[in-house]
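Protein chains in written order, with this note's numbering: chain A, 1 to 265; chain B, 1 to 790.
These aren't lab readings, by the way, just hints derived from the structure by calculation. Please read all numbers here as calculations on a predicted model, not as lab measurements. Check before you lean on any hint, since a few could be wrong.
[What the hints assert, rightly or not] Pairs of lysine-lysine, BS3-like flavour, derived with a Cα cap of 25 Å:
| no. | chain 1 | residue 1 | chain 2 | residue 2 |
| --- | --- | --- | --- | --- |
| 1 | B | Lys59 | A | Lys168 |
| 2 | B | Lys11 | A | Lys168 |
| 3 | A | Lys166 | B | Lys54 |
| 4 | A | Lys195 | B | Lys41 |
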Amino acid sequence: MVPLFQSQENIAGKISIEPIQGKKVDHNGVKVELLGQIEMYFDRGNFYDFTSLVRELDVPGDIYEKKSYPFEFSTVEMPYETYNGANVRLRYVLKVTISRGYAGSIVEYQDFVVRNYSPLPSINNSIKMEVGIEDCLHIEFEYNKSKYHLKDVIIGKIYFLLVRIKLKNMDLEIRRRESTGSGANTHVETETLAKFELMDGAPVRGESIPIRLFLSPYELTPTYRNINNKFSVKYYLNLVLVDEEDRRYFKQQEITIYRLQEETS
Amino acid sequence: MMLDGMEDEDKWLAEGIAGIQHNAFYMHRALDANNLREVLKYSAQMLSELRTSKLSPHKYYELYMRAFDELKKLEMFFKDESRHGVSVVDLYELVQHAGNILPRLYLLCTVGSVYIKSKEAPAKDVLKDLVEMCLGVQHPIRGLFLRSYLAQVSRDKLPDIGSEYEGDADTVMDAVEFVLQNFTEMNKLWVRLQLQGPGRLREKLEKERSELRDLVGKNLHVLSQIEGVDLEMYKDTVLPRVLEQIVNCKDELAQYYLMDCIIQVFPDEYHLQTLETLLSACPQLQPTVDIKTVLSQLMDRLSNYAVSSTDVLPEFLQVEAFAKLSSAIGRVIEAQVDMPIVGAISLYVSLLTFTLRVHPDRLDYVDQVLGACVKKLSGKPKLEDNRAKKQVVALLSAPLDKYNDIVMALMLSNYPRVMDHLDNETNKVMAIVIIQSIMKNNTCISTADQVEVLFELIKGLMKDLDGTAVDELDEEDFKEEQNSVARLLHMLYNDDPEEMLKIICTMKKNIMDGGSKRLPFTVPPLIFSALRLIRRLQGQDGDVAGEEVPATPKRIFQILNQTIEALSTVPTPELALRLYLQCAEAANDCDLEPVAYEFFTQAFVLYEEEVADSKAQVTAIHLIIGTLQRMNVFGVENRDTLTHKATGYSAKLLKKPDQCRAVYACSHLFWVDDQDGIKDGERVLLCLKRALRIASAAQQMSNVTRGSSGPVTLYVEILNKYLYFFEKGNPQITSAAIQGLLELITTEMQSDSAAPNTVSDAFFASTQRYIQFQKQKGGVMSEKYDSVKV
Numbered sequence: 001m002v003p004l005f006q007s008q009e010n011i012a013g014k015i016s017i018e019p020i021q022g023k024k025v026d027h028n029g030v031k032v033e034l035l036g037q038i039e040m041y042f043d044r045g046n047f048y049d050f051t052s053l054v055r056e057l058d059v060p061g062d063i064y065e066k067k068s069y070p071f072e073f074s075t076v077e078m079p080y081e082t083y084n085g086a087n088v089r090l091r092y093v094l095k096v097t098i099s100r101g102y103a104g105s106i107v108e109y110q111d112f113v114v115r116n117y118s119p120l121p122s123i124n125n126s127i128k129m130e131v132g133i134e135d136c137l138h139i140e141f142e143y144n145k146s147k148y149h150l151k152d153v154i155i156g157k158i159y160f161l162l163v164r165i166k167l168k169n170m171d172l173e174i175r176r177r178e179s180t181g182s183g184a185n186t187h188v189e190t191e192t193l194a195k196f197e198l199m200d201g202a203p204v205r206g207e208s209i210p211i212r213l214f215l216s217p218y219e220l221t222p223t224y225r226n227i228n229n230k231f232s233v234k235y236y237l238n239l240v241l242v243d244e245e246d247r248r249y250f251k252q253q254e255i256t257i258y259r260l261q262e263e264t265s
Numbered sequence: 001m002m003l004d005g006m007e008d009e010d011k012w013l014a015e016g017i018a019g020i021q022h023n024a025f026y027m028h029r030a031l032d033a034n035n036l037r038e039v040l041k042y043s044a045q046m047l048s049e050l051r052t053s054k055l056s057p058h059k060y061y062e063l064y065m066r067a068f069d070e071l072k073k074l075e076m077f078f079k080d081e082s083r084h085g086v087s088v089v090d091l092y093e094l095v096q097h098a099g100n101i102l103p104r105l106y107l108l109c110t111v112g113s114v115y116i117k118s119k120e121a122p123a124k125d126v127l128k129d130l131v132e133m134c135l136g137v138q139h140p141i142r143g144l145f146l147r148s149y150l151a152q153v154s155r156d157k158l159p160d161i162g163s164e165y166e167g168d169a170d171t172v173m174d175a176v177e178f179v180l181q182n183f184t185e186m187n188k189l190w191v192r193l194q195l196q197g198p199g200r201l202r203e204k205l206e207k208e209r210s211e212l213r214d215l216v217g218k219n220l221h222v223l224s225q226i227e228g229v230d231l232e233m234y235k236d237t238v239l240p241r242v243l244e245q246i247v248n249c250k251d252e253l254a255q256y257y258l259m260d261c262i263i264q265v266f267p268d269e270y271h272l273q274t275l276e277t278l279l280s281a282c283p284q285l286q287p288t289v290d291i292k293t294v295l296s297q298l299m300d301r302l303s304n305y306a307v308s309s310t311d312v313l314p315e316f317l318q319v320e321a322f323a324k325l326s327s328a329i330g331r332v333i334e335a336q337v338d339m340p341i342v343g344a345i346s347l348y349v350s351l352l353t354f355t356l357r358v359h360p361d362r363l364d365y366v367d368q369v370l371g372a373c374v375k376k377l378s379g380k381p382k383l384e385d386n387r388a389k390k391q392v393v394a395l396l397s398a399p400l401d402k403y404n405d406i407v408m409a410l411m412l413s414n415y416p417r418v419m420d421h422l423d424n425e426t427n428k429v430m431a432i433v434i435i436q437s438i439m440k441n442n443t444c445i446s447t448a449d450q451v452e453v454l455f456e457l458i459k460g461l462m463k464d465l466d467g468t469a470v471d472e473l474d475e476e477d478f479k480e481e482q483n484s485v486a487r488l489l490h491m492l493y494n495d496d497p498e499e500m501l502k503i504i505c506t507m508k509k510n511i512m513d514g515g516s517k518r519l520p521f522t523v524p525p526l527i528f529s530a531l532r533l534i535r536r537l538q539g540q541d542g543d544v545a546g547e548e549v550p551a552t553p554k555r556i557f558q559i560l561n562q563t564i565e566a567l568s569t570v571p572t573p574e575l576a577l578r579l580y581l582q583c584a585e586a587a588n589d590c591d592l593e594p595v596a597y598e599f600f601t602q603a604f605v606l607y608e609e610e611v612a613d614s615k616a617q618v619t620a621i622h623l624i625i626g627t628l629q630r631m632n633v634f635g636v637e638n639r640d641t642l643t644h645k646a647t648g649y650s651a652k653l654l655k656k657p658d659q660c661r662a663v664y665a666c667s668h669l670f671w672v673d674d675q676d677g678i679k680d681g682e683r684v685l686l687c688l689k690r691a692l693r694i695a696s697a698a699q700q701m702s703n704v705t706r707g708s709s710g711p712v713t714l715y716v717e718i719l720n721k722y723l724y725f726f727e728k729g730n731p732q733i734t735s736a737a738i739q740g741l742l743e744l745i746t747t748e749m750q751s752d753s754a755a756p757n758t759v760s761d762a763f764f765a766s767t768q769r770y771i772q773f774q775k776q777k778g779g780v781m782s783e784k785y786d787s788v789k790v
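From just these sequences and the hints, can you work out the full model?
This is the structure:
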């Protein structure tokens with residue numbers, strides 16, 4: 001279990017140091033840091049701290065018995081959410097350091113999770129598009145929104161304007177595209193999170209196939225765009241039609257995922 | 001190849017069943033443990049077996065039924081929230097997380113059914129959602145079964161009138177809308193099944209498809225079961241929508257089946273009130289649809305309905321059922337250019353049956369139907385197709401069977417016109433049917449006009465039609481036919497002599513055209529029919545003044561004379577002779593001496609010129625003698641001439657015994673035992689004596705040629721004649737003569753050359769016994785016999 005925060009929250013607590021019975025701790029000072037770090041897996045060991053706040057807790061001296069230090073970071077700006085991706089990790093951590101000159105400092109970490117909520121978007125257009133292969137297949141599809149929250153439902157339909165190939169089935173996939181780095185060092189990882197069968201069998205012209213996909217069963221995150229110039233996570237709906245020879249015809253559309261502020265009153 | 005396919009299919013089915021059983025096992029475990037997650041997991045896996053494309057509809061049905069049974073258990077579980085702790089609303093969402101569409105939709109329908117039952121949402125919303133989500137399955141077989149499952153689970157949950165699911169928001173309209181939509185989609189899937197697969201497998205596929213039809217038809221059945229579908233809703237919503245789908249699907253099998261379905265599942269009353277709508281769909285169907293069967297079914301049902309209660313008849317009139325059906329049939333025949341003629345005719349047969357049952361009083365309707373049929377047949381060569389011919393016979397027989405009265409048919413102007421389109425053979429068959437109808441019902445045809453029409457109808461029997469090869473006719477069949485005609489002629493009758501005379505003239509005219517083969521059959525009944533009229537007129541005053549030629553015996557006899565004359569040329573002289581004699585007798589009774597004399601003359605002429613066969617001569621002469629004996633109209637001179645002729649011919653017969661018998665028969669010509677009868681005892685005796693002479697000559701001849709004198713039969717016969725005249729008081733016949741004859745016979749019998757003959761001996765013995773009896777019984781007769789000794 002990890003504590004959960006969101007941006008602008010006060011992060012306060014108490015740090016207790018208790019030496020082993022009969023011993024003392026000699027130190028050059030105690031401090032607690034709040035760090036926001038981005039870790040690229042292909043660049044192991046390299047952290048980029050995008051946030052770093054420090055609170056000095058004690059001046060150099062000795063500790064003979066249990067001693068507690070309350071601390072507080074107020075209204076901390078934490079613009080990014082905790083994220084564990086394929087190639088990148090974004091974490092928040094509290095780091096307590098007891099500095100010692102000779103024997104090395106004592107360091108303790110405490111991770112915590114940040115989630116940021118968004119309000120309902122004021123503009124949320126549907127996605128509507130006609131695509132096709134000439135004289136072969138023409139479809140028109142519609143998703144009711146372009147922005148979905150994590151527990152949302154995708155409602156829509158596919159309308160068959162022309163069908164000259166023998167379709168076998170049709171799926172709707174949710175794909176996550178994570179890109180890390182920049183320029184020549186960009187790494188892109190695509191992952192299919194959901195494969196949801198929309199249609200079984202071959203439709204004829206004029207058929208309209210309904211879409212209703214609940215997002216809640218899938219482990220999605222909000223869309224992240226260019227987080228600290230280090231990475232992005234984007235989501236796509238991929239409509240895939242498969243014919244009897246297992247040829248696949250598809251059309252991919254980006255959707256925005258956000259974390260909706262739950263109304264708890 | 002085929003066998004392999006079948007075996008493979010069995011294997012696949014077995015695999016599918018095994019898959020269902022396997023997953024059902026784990027599902028049951030999860031059910032027992034109330035573990036919702038596992039239940040959903042295994043039920044979805046179980047239902048995945050239904051995703052197969054390898055099975056024929058028949059086998060797929062088997063698989064489906066397995067899954068269906070399991071789904072019932074699942075439904076029980078879903079229903080009980082305490083077991084899984086999830087509200088039905090959440091459950092409804094939860095099952096939609098399944099990735100595969102087919103298991104997802106089966107689960108959704110199952111939960112949906114529970115959802116409606118819980119009444120947490122309006123039934124119509126759930127139903128609408130389910131029926132629309134099912135659009136995702138476009139595979140014909142899988143889709144049909146899925147929707148059939150939906151129909152099954154929703155059946156008792158429709159917001160029908162009076163149902164617990166009816167409410168402010170839910171109306172019967174929603175129920176109807178739901179079923180209609182499911183029906184439409186199912187039919188589309190069903191029709192699509194046909195479009196798949198190569199042509200060579202078409203037949204097999206059609207058969208498989210046919211097996212699925214009840215899944216589609218079931219929806220119509222459900223519709224008919226909905227209480228709230230009253231006439232108005234049926235008329236405004238249900239029927240137009242269903243018909244729209246039927247017409248638009250453009251599929252032969254579906255159109256035929258569904259039209260039939262409509263007719264079978266909805267009440268007759270609805271059909272009657274929506275006849276126009278229903279019928280207007282017919283011409284829009286595919287040309288290959290067997291529309292005639294559909295329409296026949298409809299008319300059958302409607303006519304049964306009409307017969308069921310007299311109360312509904314006004315409805316039929318009000319909606320002008322006949323006119324609508326009639327014009328619909330016309331349009332269908334027009335629209336379906338390729339329909340074989342037999343189809344068109346059988347449609348008319350159905351319409352006619354309908355008319356006869358529903359509007360038995362409307363002969364004009366019947367005639368209209370026949371007229372329409374004539375129109376269809378006109379301009380075409382005579383019917384060749386046997387089935388078509390049979391249908392025409394059925395068409396023409398129907399009114400006869402209904403009315404049991406040919407006279408009705410004779411009033412139908414189009415009746416003979418339909419018959420004109422039949423070939424000769426069928427024409428005859430029909431003619432026989434007509435005659436049988438008349439005979440069976442004892443129908444009397446009582447006007448000359450009707451007779452004329454009737455003859456027109458049966459002209460196939462009355463004369464040789466063009467194109468019939470004579471040698472094709474079977475002799476026995478021909479006799480049979482002509483006997484029928486003969487019987488028919490007796491049914492043409494009117495009590496009014498004037499009209500009857502006209503009938504006779506009409507008959508004669510038609511019969512005379514019949515040709516030599518028919519005359520022997522048809523003339524006698526004509527003659528006797530005419531004689532019957534004469535007998536009726538007999539008592540009346542013959543000379544009634546009038547502008548028309550009155551029906552007098554004289555005039556009729558003229559007609560008869562001409563008729564028989566025709567017969568004598570055939571030649572059937574014996575028959576003609578008999579008829580002449582019959583006429584003579586009738587003329588005698590009418591006191592028309594010259595006429596009677598003329599007939600006799602004709603008879604004698606025939607005898608002289610035409611009757612050559614000796615046996616025929618014997619018969620003829622006895623007939624002549626018999627008839628002449630009864631004649632009392634002749635004056636002495638005429639009578640003498642005729643009796644003289646008769647006796648003369650008698651004596652000239654070839655065989656002696658025949659001569660003998662004819663001659664002693666002639667004795668009666670001179671002794672008529674009436675009050676005013678001629679009683680010429682002397683000539684009687686002369687005849688008898690002459691007979692005796694001939695008899696003894698016969699004996700002698702026999703002696704010479706055979707060496708035995710033969711039986712004494714002739715003597716005994718003559719003895720009997722003696723006894724007859726003796727008793728009648730002929731003074732010329734004395735007891736002494738009888739005594740002499742008795743002795744003669746006894747001597748003959750005892751002579752050496754006599755061959756014993758039991759027949760003649762017995763005859764003589766009983767004659768002796770008779771004399772003995774007369775002697776002993778007392779009274780005048782005994783005294784008379786007193787001197788005779790036996």
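Status of each hint after checking the structure:
{"no.": "1", "hint": "B:Lys59 to A:Lys168", "result": "21 Å, holds"}
{"no.": "2", "hint": "B:Lys11 to A:Lys168", "result": "23 Å, holds"}
{"no.": "3", "hint": "A:Lys166 to B:Lys54", "result": "17 Å, holds"}
{"no.": "4", "hint": "A:Lys195 to B:Lys41", "result": "16 Å, holds"}
Of the numbered hints given earlier, the model fails none.
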